[in-house]
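K.L.:
Please dock the two separately framed chains into a single complex, following the hints provided.
Those protein sequences? They're chains D and G, same order as listed.
Here the first sequence stands for residues 1 to 267, where the numbers follow my numbering.
Here the second sequence stands for residues 1 to 646, where the numbers follow my numbering.
Accuracy of the hints is not assured; some may be wrong.
Heads up, simulated EDC-like pairs for lysine to aspartate or glutamate below, C-alpha to C-alpha not over 20 Å straight-line [said to hold, decoys possible]:
(1) Lys45/D <-> Glu231/G
(2) Lys499/G <-> Asp373/G
(3) Lys45/D <-> Asp235/G
(4) Lys133/G <-> Glu211/D
Bear in mind the hints are in silico, worked out from the structure with no lab data behind them.
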Amino acid sequence: MHEQDIHFHPQHHRQHAGGRAKEEYLEALWTMLYEGRASLEELKKRLGSGFKLGIWQSLIMDGLVTQGSEGVSLDFTPEGRQRAEKLIRSHRLAERLIVDVLGGAYEAGACEFEHIRHEALVDAICTLLGHPRECPHGLPIPPGECCRRAANAVKRSVIPLTQLEVGQSAVIAYVYASRDGQLHILEGLRLVPGKVIRLHQNRPVYVIEIEESHVALEETVAANIQVWLDSCYWEDGRNPPSQGSPRPRGFGWGRRWFRLLRRGSKD
Amino acid sequence: MRKCRLQDHPVIAILGLPNTGKTQLFNQLTQRYELVANYPLTTIEKNIAKLKVANKIFTVVDLPGFHSFFVTAEEEVYVRQELTTMRPTIIIQCIEAQRLKQSLSLTAELLELGLPLIVCLTAVDETKRQGIKLSSQRLARALGVPVIEYSALTNTGLEALKKAILKVGIAKRAVRYPLPIEKALKKLGSMLPEDMPFPFLFARLLLERDPSVWQNNSWLAREGLKAQLTEKIQDFILTYRANSNRIITEKMGSWAEKVAESSLSREGQLKEIRLQRLAFVLRHPWWGFLILIMVLTIFYLAVVGLAGFLEDLLATFCFDPLSAFIKELLPQGFWQDFLLGEFGVLSLGLFNALGTILPILFSFFLIYGLLEDIGYLPNLAILLQRFLSKLGLSGRSMLPIVLGFGCKTMASLMAKTIPSRKEKLIALYLIAFAIPCSAQLGLVIATLGHYGLLSFFVYLAFIGLVEVLAGIILNRLIKGERRADFIQELPTLRLPKLKALMTKTIYRLWWFLREALPIFIIAAVVIFFLNYWGILAWLKGLARPLVNGWLGLPDQMVEALLLILARNELGAGQVLKIAQAGQLSWVQALVAVSLITMFVPCLANVIAIIKEVGLKTGFLMLLAINLTSIALAGLLRLALSLFYGG
Numbered sequence: 001m002h003e004q005d006i007h008f009h010p011q012h013h014r015q016h017a018g019g020r021a022k023e024e025y026l027e028a029l030w031t032m033l034y035e036g037r038a039s040l041e042e043l044k045k046r047l048g049s050g051f052k053l054g055i056w057q058s059l060i061m062d063g064l065v066t067q068g069s070e071g072v073s074l075d076f077t078p079e080g081r082q083r084a085e086k087l088i089r090s091h092r093l094a095e096r097l098i099v100d101v102l103g104g105a106y107e108a109g110a111c112e113f114e115h116i117r118h119e120a121l122v123d124a125i126c127t128l129l130g131h132p133r134e135c136p137h138g139l140p141i142p143p144g145e146c147c148r149r150a151a152n153a154v155k156r157s158v159i160p161l162t163q164l165e166v167g168q169s170a171v172i173a174y175v176y177a178s179r180d181g182q183l184h185i186l187e188g189l190r191l192v193p194g195k196v197i198r199l200h201q202n203r204p205v206y207v208i209e210i211e212e213s214h215v216a217l218e219e220t221v222a223a224n225i226q227v228w229l230d231s232c233y234w235e236d237g238r239n240p241p242s243q244g245s246p247r248p249r250g251f252g253w254g255r256r257w258f259r260l261l262r263r264g265s266k267d
Numbered sequence: 001m002r003k004c005r006l007q008d009h010p011v012i013a014i015l016g017l018p019n020t021g022k023t024q025l026f027n028q029l030t031q032r033y034e035l036v037a038n039y040p041l042t043t044i045e046k047n048i049a050k051l052k053v054a055n056k057i058f059t060v061v062d063l064p065g066f067h068s069f070f071v072t073a074e075e076e077v078y079v080r081q082e083l084t085t086m087r088p089t090i091i092i093q094c095i096e097a098q099r100l101k102q103s104l105s106l107t108a109e110l111l112e113l114g115l116p117l118i119v120c121l122t123a124v125d126e127t128k129r130q131g132i133k134l135s136s137q138r139l140a141r142a143l144g145v146p147v148i149e150y151s152a153l154t155n156t157g158l159e160a161l162k163k164a165i166l167k168v169g170i171a172k173r174a175v176r177y178p179l180p181i182e183k184a185l186k187k188l189g190s191m192l193p194e195d196m197p198f199p200f201l202f203a204r205l206l207l208e209r210d211p212s213v214w215q216n217n218s219w220l221a222r223e224g225l226k227a228q229l230t231e232k233i234q235d236f237i238l239t240y241r242a243n244s245n246r247i248i249t250e251k252m253g254s255w256a257e258k259v260a261e262s263s264l265s266r267e268g269q270l271k272e273i274r275l276q277r278l279a280f281v282l283r284h285p286w287w288g289f290l291i292l293i294m295v296l297t298i299f300y301l302a303v304v305g306l307a308g309f310l311e312d313l314l315a316t317f318c319f320d321p322l323s324a325f326i327k328e329l330l331p332q333g334f335w336q337d338f339l340l341g342e343f344g345v346l347s348l349g350l351f352n353a354l355g356t357i358l359p360i361l362f363s364f365f366l367i368y369g370l371l372e373d374i375g376y377l378p379n380l381a382i383l384l385q386r387f388l389s390k391l392g393l394s395g396r397s398m399l400p401i402v403l404g405f406g407c408k409t410m411a412s413l414m415a416k417t418i419p420s421r422k423e424k425l426i427a428l429y430l431i432a433f434a435i436p437c438s439a440q441l442g443l444v445i446a447t448l449g450h451y452g453l454l455s456f457f458v459y460l461a462f463i464g465l466v467e468v469l470a471g472i473i474l475n476r477l478i479k480g481e482r483r484a485d486f487i488q489e490l491p492t493l494r495l496p497k498l499k500a501l502m503t504k505t506i507y508r509l510w511w512f513l514r515e516a517l518p519i520f521i522i523a524a525v526v527i528f529f530l531n532y533w534g535i536l537a538w539l540k541g542l543a544r545p546l547v548n549g550w551l552g553l554p555d556q557m558v559e560a561l562l563l564i565l566a567r568n569e570l571g572a573g574q575v576l577k578i579a580q581a582g583q584l585s586w587v588q589a590l591v592a593v594s595l596i597t598m599f600v601p602c603l604a605n606v607i608a609i610i611k612e613v614g615l616k617t618g619f620l621m622l623l624a625i626n627l628t629s630i631a632l633a634g635l636l637r638l639a640l641s642l643f644y645g646g
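Only chain G is shown next, with the shape it has when bound in the complex (with noise of 0.2 Å):
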C-alpha cells in the first residue's frame, strides 16, 4: 500500500508550514486515512496515494511542514531532498487562513521553482470568527496562481481544487531582488548542470550560503563544480556589500506583507478569542498544573469508567456466550486448552485484544486524541520545560518527549530532527525508558482502577521522578552542547469535532488491531506451549529470585514480563488480569506497572531508535533501560513497604 511507486505518473505534491492541515487534505483529497492533529510535525514520514481526476492519475504526496529551503532542521534537508527527487508536477500549498503572513514567504520561495503552484487556504472559517475577512480573489490575483478556500468541516472546495489541478499553470516569480542579486543568481543557475531541478532555488541558496546543499547533492558533486560555484560565490560577497541572505528574507518578507495586507480586511475591532486566553492558563505555572491534575483525573475515571462499562458490555453479550459455546462443543482435553485455557489461543489471544484492551485503548484514545485536536500538547510541553531544562534539554526536545505518552515510536522519530546530538540522545532515552505510551498507559490506568485515584497519582510521581534523575545523569554523563535556538509557533486552540475525533479514535484502534493481533495470537500459542511442556514452570523457578524476593511479586508475573517481550500491551493486559482476579497488593500493583512501564520499550521504539543512534549505543541504552528498571522497580517496593508494610 505504502509501496505506491512515485514514478507512475504525474506527482501532486502538498507542502506547507508545520500544522496547517496538509494532511487533512491528502486525507480528503484521496480518501485515505493519516493522523491528523494539532501540533506541528504530526506527519514525519511522507504519506502517498493515488489520486483520479478526470480520467487522469496522478500520485498524491503529503509531506511533513517546513518553514523554508533554507534548511534549519533535519527535517527540511529531508522535504528539500524529497522535492528534488520526485520532482512533482503540480504544488499545492496548504496555509491557513490565520497565518496567511506567515505563510507567504514560502509561498515566495515555491513561486521559485517554476512550477504549477495552487494555494489552498484552510481553517477558513476560524479567521471569519476572528473578524478578518480574506478575500481569495484579490489572493489570487496578487499571486498570480489560483487560490482555493477549502474548509475540512463541511468538505467545500475539494471539487475546486480538483478543476484547479487540472488547469493550472507554470507560476512566476514574485519577488524580485536588487540587480546585483538578480545577475549573480542568473550567473550561478547558468552554471548549475543542465538536468537539476529548481535550478533557480539552488542558486538562492548557494548565494544565501546554505551549508546543506552541498549534502547528499550528486548534481553538485560533479567534478570541479564545487570549485567553480565557490569561485564565483567568493567573488560576488567581495563585490556586493551587504548580507544578501538578510537581504533576500527581507524582500520576501516586505512582499509577503504587502500581499497579505491587499488581500485582508478587518472588519471592526480584531476579538481576541477566548480560547488564545485559556492556552495561556495551560501553560501558567500554578493554572497550568492544575489542569494538568484534572486532564489526568478525566483520563483515570473516564478509562477506568467507560473501558470498564464497554469491557462487561462485550464480555456480557459477546465474549461469554461464545466461550461458553466452544466449551460446550469441544470436550475438555488437550483443544479446549488450546483455546480457552489460561493461555489460549482465544481467550489470551483474540478475546483478550478485542474484549479486554481494546475498550481500554478507545477509551484513552478519544481522550488523548481530543486533547491532540484541542492544541493542548504543545502548551503542555512549553509547562513542562519549567522543569525539564534543568536536564541539558531545550524546548525542541519538549514536545517529542510530550507526544511519547502517545506513541514512543513516532516520539522517537521525532526526536531525530533535534539538532543537539546530546540532547537527541538525552531525549530517545527518556522517551524509551519511563514514558508509558497511549496503550501501556491506559492498561496501567485499568489496573490501578482497582486500587483508586491515590495509587494513579502516586505512579505519576514515581515515573516523573525516575525520569527527573535519568536525565540529570545522562545531561552529566554525555558530552556535548545543548543548543538554545528554538522558536515554534504554538498552534492556535481549536473546538475539537466529534466526528473527526471519532475517525482518528477509530483509525487509531484499527491501527493497533493490524499490528498486535497477530503477534497477540503467535505470543498465546508460544506461551501455550512453554506451558504445555513445563518450561514456563522453570523459568518461574529460575526467576522466582528476583521477581518474589527483590520485586515482591507473584509468580504470575514471570508471564507478563515474558509477554512484554513480544508486545507491549499483552504483558500490561497480563498484570491486568492478575491484578482483577485479585491477586496482587497495593503496593505489588504499583511495583508491577511502573516496571512494565519502564522494562523492553517495543520493538518498532527499539528499531527507531537503533536507526538513528547505531546498533552499539541504542543496545547499550536499551541494557541500561532494563537494568534500571528492575533496580528502580525494587527500591520503589522497599520504599512503598516502608509506609504500607507491603
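Next comes chain D alone, as it looks inside the complex (with noise of 0.2 Å):
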C-alpha cells in the first residue's frame, strides 16, 4: 500500500535532509495547483512564517517541482507530482481513520476507538496490522472474528447503493456530491454518514427510505452514496446475502408482495 511505502522506508528520509520540511512544501504546493493558483508569493502566505527560500530551491535542485520567471506558474514534476500525491494520500487518510475510526471530533482530540460500530471496520484494521495479540502497553487485545479465520486480505467494508438489494437496509459510510449545491440537498434531505437507509427500488430511479421520507434518486446519485456492508441487514431479520450465492431468481414480485400482506397484518 501507498502509505506503507512512505512510512516503512526510512531511507526515503535520510536520503534528502530535511525530508519533513520539504514535504510541507510539496503539499502546498499540492493544494495550491488543485486551487488552480500557484506562485511564489502564495506559497509564502500559506507557510506562513516558516516560510525558507532556501528550502524551495533545494527542491528545485532535486528536481522535483519547476518555477516560471519572477515566481509565478510553479508546477512540479512527474516525480514531484507523484511524491506529493502520497504524502496528500496519506495526510488525508489518516483523517479519514481518525474521524471515521476514532471517533469524530478530532479537533477536540477526543478519539474514542472502542465506539466503532462496525465490526468490519474494525476487522480490517485488525487484518491490516497482522493481527496483533498486545496493545503498544503489553496488554491482550480479545481476538476478534478475523483472527480466528486468520484472514489475510483485508475486505472492502463499503459497498455503494447501488449494490444493495431491494428491500435491504444499511448504514450511510461516506456521501459524495458531484455538485456543491447537492451537498445542501443531501444534508436537507439527512442523507448523511451514520444515517440508516432503506432500498426500495433500484429500477428505473433509486427509491431509497430515510427519516421517514422517501426520496428518488438517480444512479449517479445513488452511486455516490456509500454504505457499510457489514451494516446490510433486511428488516424481516434475513441474514445479509452472503457473497457468492445468489439469492433464488424470478418470483421476486410474489415473494415481496407475500412479505408485504405477512407485514401489513401484523401492525
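P.N.:
As C-alpha cells, then:
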C-alpha cells in the first residue's frame, strides 16, 4: 500500500535531509495547484512564517518542482507530483481514520476508538496490522472473528448504495456530491454518514427511505452514496446475502408481495 | 388582483421546502384560493394577497418551495431574487411535522437572514398517527422563534399565527461555524455594500462559491467589488485547509439533527403507515401498471357516467326549457339563428360551455384532484420513467410531463426548471405534442364513451406511441447532455379530504369559465358569421382533400379544427357533438380525437413555450407539431382501416 511505502522506508527520508519540511512544501504546492493558482507569493502566504526560500530552491535542485520566471506558475515535475500525491493521500487517509474510526471530533482530541460500531472496519484494521495480540502497553487484545479465521486480505468494508438489494437496509458511510450545491440538498434530506437507509427500488430510479421519507435518486447520485457492507440487513431478520450464492431468481414480485401482506397483517 | 403592489405594506413571505403546505396556509390566511396539491412545485410563480391583522395591513407572499439558498435549480434562484427585491419584514417557514429534520437545515439558513421568523408546523396530526410526538414548545425553545402548530383540516392555529405575526422579534443565528470561517464571513460581510439585503447570507454564499450569486446581482456588480471579493475568497481558500462548503453544511446538518432530536419523542415502535406501502405498489413495474390501467378505467367510467348524468340533468331542467322558451319568444330568422342555430352564440357558446363541457370537466377534475391529493402523480412519474429514460430524459423531466395531463401550461412552466437545455426542449415538445390536458382528455373520454372502453385504450396506446417516437427522434436531433443528478423527495401518500377536493374542483371550473367563456362566445360569433357569409363552406371545400381524403373525416371536422384555434375545449366539444349525432364511425372518432389531442396546443401553452425557448425555436416546434399531427392522424386511419375496414 502507498502509506506503507512512505512510512516504512526510512531511507527515503534519509536521502533528503530536512525531508519533513520539504514535504510540507510539496503538500502546499499540491493543494495550491488543485485550487488552480500557484505562485511563490501564495506559497509564502500559505506556509506563513515558516517559509524559507532555501528549502524551495533545494526542491528545484532535487528536480521535484519547477518554477516560471519571477516566481509565478509553479509546478511539479512528474516525480515531484507522484511524491506529493502520496503525501496528500496518506495525510488525508490518516484524517479519515481519525474521524471515522477514532470517533469524530479530532480537533477536540476526543478520539474514542472503542466506540466503533462497524465490526467489519475493526476487523479490517486488525488484518492490516497482522492480527496483533498485545497493545503497545503490553496488554492483551481480545481476538476477533478475523483473528480466528486468520484472514490475510483486507475485505472491502463499504459498497455503493447501488449494490444493495431491494428491501435491504444499511448505514451510510460516506456521501459524495457531484456538485457543491448538491451537498445542501443531501444534507437537508439527512443523507449523511451514520443514517440508516432502506432501498425500496432500484429501477428506473433508486427510491430509498430515510428518516421516514421516501427519496428518488438517479443512479449517478446513488453510486455516490457508500454504505457499510457489514451493516446491510433485511428488515425481516434475514441474513445479509453471502457473497457467491445469488438470491433465488424469479417470482421476486410474488415474494415481496407476500412479505408485504404478511407484514401488513401484523400491525 | 394579482397586481397587488409589494411596496405598499410590510411583506410577510411564506417559505419552506417543496410540498410543505405553504399555499394551503396562504389560502387560509388570506381567504383566497390558489391551487394546492400533493406534489412538489405546485406553486411556480409567487402568489400575493393582503392580510389584515388587528388594523395592520400586510402583504402576504407565497413563494415556490426550495431546498436551500445555495442554488441548485432555477426555481431556487427565483426565490432568492424575489426575497432580495421584496425585502420581507417577517418570514414564515412552513415545516411538515413529519419532515422536521429535513426542514431544519433551511431553518438554519433562514435564521441567518436577520429577520423575524415564525415556524409553522403543518400536518401535525400525521406524525401523531405515526407514533411520533413533537413538542412545539421544546422546538420553539431550541430555535428561539415562535412555533405554531397549524392544521389545515381543523383550521386551528391561525389565530395563534396572527398573534405571533404582531409580536415576533428578530431571530438570532443558531449555527456557529469554525472560527476561520466566522472570521472570513465577517470580513466578507463588511465588504458588501451597505444597502445590500442579507449581508451574512450573501457572505456565506460567496464563501461557499455559489456561482449563481453573481447573476443579476446589482449590488455585487459595483465597480471593482468583484475583484476585491474574489481576492479575499482566494486568500481564505489558501489558508483554510478544508472544503468550507462541506464544513458549513455539516454544521447545519448536525445542528438540525440535535434540535430535531430534542423536540421529537417516539411513542413505542414506529408504525410504518400502510399508505406508504401502497406507494411502493404504485411504483412497482407490474402492480403499478395494473393500477394505472385501473385508474384510467375509473377515469373513463366516471367521466362517461357522471358527466353524462349531469349533462342530461342540466339539459332537462335548465337548457332545454330555456331554448324552447327563447325559440317561442323570437320569430324564426336571423336572430333565432344567431342565438340558437348551429353556430349560435347561446347554443355553441354559453349553453355548450355550461351544459356540455362543464359537467365533463367537473367529473374529470374531481378524479384528477383526487389523484393529486393522494400523491399519485410523482409515483406515476417514477413508474413511467422506466420507459422514458430511453428518450434522453432524466427523472427531473418526468414530473412535468406527467403533470401535462392536468394543464399543459403549468407543466411547461414547470419544465422551465429543468437544468439541461436539451432535456428542457424535449420535455416542452412532448408536453405540447400529444399529452392531452385535462380539458381535452375529459372531452376525449366523453367522445369515446360512445364507442366503448377499448377505443379509449387504443387512443392511449396511440398517443403513448407517438410520444415515445417523438422523444426518440428529438433525442437524436437535439445536441447536448442530459444531466443525471436528480434527487427528489416523494410526497407522503395522504387520504384526500372531500371538502378540500370539492373546493379545488369548483375553483378549477371557475378559472376555466373565467378564461374560456368569453372566448367561447366570441368564437361562436366569428364562426356564425363565417357560416353566414359562406366563407365556411368555401373553407370546407378547400380543406376537403386533406380532411376527407387523407384523414377520412366528415366535412364538419373543419369547423372543429377552426374552433380548436380559438380554444381547445371548443374544438373537442365540436367533435363530441359530431360523435353524439352519430356521424363518426369508430375509426373516424379515434382519428378525430387523436388529431385534436396533437393539433395546436392552447394559446397559453404556446406563449409559455415561446417565452422559454424564443420565437424562432418556438415557431419551429409548433410547425413540427402541427404537420406531424396531421400526418400521424392520417397514418392512424390507414392502420386502423387495415383492421376494421374504415
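K.L.:
State for each hint whether it applies.
P.N.:
Against the structure, the hints come out as follows:
1. Lys45/D <-> Glu231/G: holds, 13 Å
2. Lys499/G <-> Asp373/G: Distance of about 12 Å is within 20 Å: holds.
3. Lys45/D <-> Asp235/G: The hint holds at about 9 Å.
4. Lys133/G <-> Glu211/D: holds, 15 Å
Consistency with the previously given hints is maintained throughout, with no hint failing.
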